[in-house]
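Chains as they are written, first to last, in my numbering: chain A, 1080 to 1283; chain B, 2 to 179.
These aren't lab readings, by the way, just hints derived from the structure by calculation. One or more of the hints may lead you astray.
Unchecked claim - Selected chain B positions facing chain A (in silico; Cβ < 7 Å):
no., residue
1, 15
2, 33
3, 146
Note that the Cβ used here is the ideal one computed from N, Cα and C, for glycine as well.
One-letter residues, chain by chain:
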Amino acid sequence: MKSLIKTLSNGILRANPTFILLLGLCPTLAVSTSIDNAFGMTGSVLFVLLAANVIISILRRWIPDRARIPTFIVIIATLVTIVDLALKAYVPSLSKSLGMYVPLIVVNCIILGRAEAFASKNNVIHSIADAVGMSVGFGVAILLISFVRQVLGSGKLEVFNVQLFSIPGLDSNPAAIFLLPMGAFFVIGVLLALFRWMGVSECE
Amino acid sequence: MAKQRGSLYPIVFLTVVVFLSVVSLTLMDQMTREKILIAQQSEIQEMLSTLFPNLETFQYDEDSGLYTILANTATIGQAQMLQAGGYGGAIDILLGIEPDGRVRGIRIISQQETPGLGAKIIESQFLDQFAGLSVNEIALNRDGGSVDAITGATISSRAVVEAVAETVRDSFEQGGGE
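Based on the sequences and whatever the hints tell you, model everything.
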């Protein structure tokens, strides 16, 4: 039980995929322009990572060593395609704004990395804990980045078409640079430094 | 991990995995195909009805790519999809044309322009300028037309304007609407 909690919290703090492992940064930088996107991406990653970890963990005794990476890729690609089709069918607007980045989850290093480093060596329960921890860690990170970028880049915070607040002055003349790719690098750089300074990322 | 098995084992295993993957994807495709089509269809219908509020039905001609907008079985205009080469990639545009060959209006279906600059082509401030233009008015102000470019996004603005102008010119030469 104790090790389970440790596995779970690992993904959120000590081995946060975005802020500490620095994995899967490409989709993180690309879609973190709004909180809505961040939620959509987190949900998609949670589903794919959870399902991939479970399947790979169950199959781990039968997966041939030499063919393990192709096996992982086929499993992950199948899951991602399922998510992509489901999004297109049931939430077309979200599917549109996530665009290319859902299919790109296939090559997201978080998922392949966890399959290789964790699910193929641990039992199903621990793999589930790992998947949930990693997804929550990814979600917290991408939500934080999106929050900063959306607030500074548009001057207001709008979540699922509900405006939560707007900053007078900034909303009429927003710092659109934060919505550009370079703004993503600024924000993630500052947040990384902040996490390190707060000692969250005291690595072993 | 796996114990020593015959050298054919990886091949057999991967074949099985791929087979299962194909089966599940086929099932998923069957479950969602219709819903995706309906979603796309209703999106087109919604887009068309922002251009033609009186729209009752529309007909789509696959050869010419023209949507004919009908109300009370009379044609009240035509619409078609076109693509412009923007700054950040392709811009998909829906163009509505009045029966007399003037522009009814345009809508941006998808674009990847720079947020805060080129992406302003989706705002009504830019789009509304197209309503009622005739073929030789469709150009940027600085090119002698009557469309104001978006500040800092001349490339995106011009891409849209030129794609629209070209399409309207083509359909005008073919006899200008019905």
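Tested hints:
1. 15: With Cβ-Cβ at 5 Å, under 7 Å, it holds.
2. 33: Check passed: Cβ of residue 33 of chain B comes within 4 Å of chain A, closer than 7 Å.
3. 146: Where the cut-off is 7 Å and the nearest Cβ of chain A is about 27 Å from residue 146 of chain B, the hint is violated.
Checked against the numbered hints given earlier, this structure breaks only hint 3.
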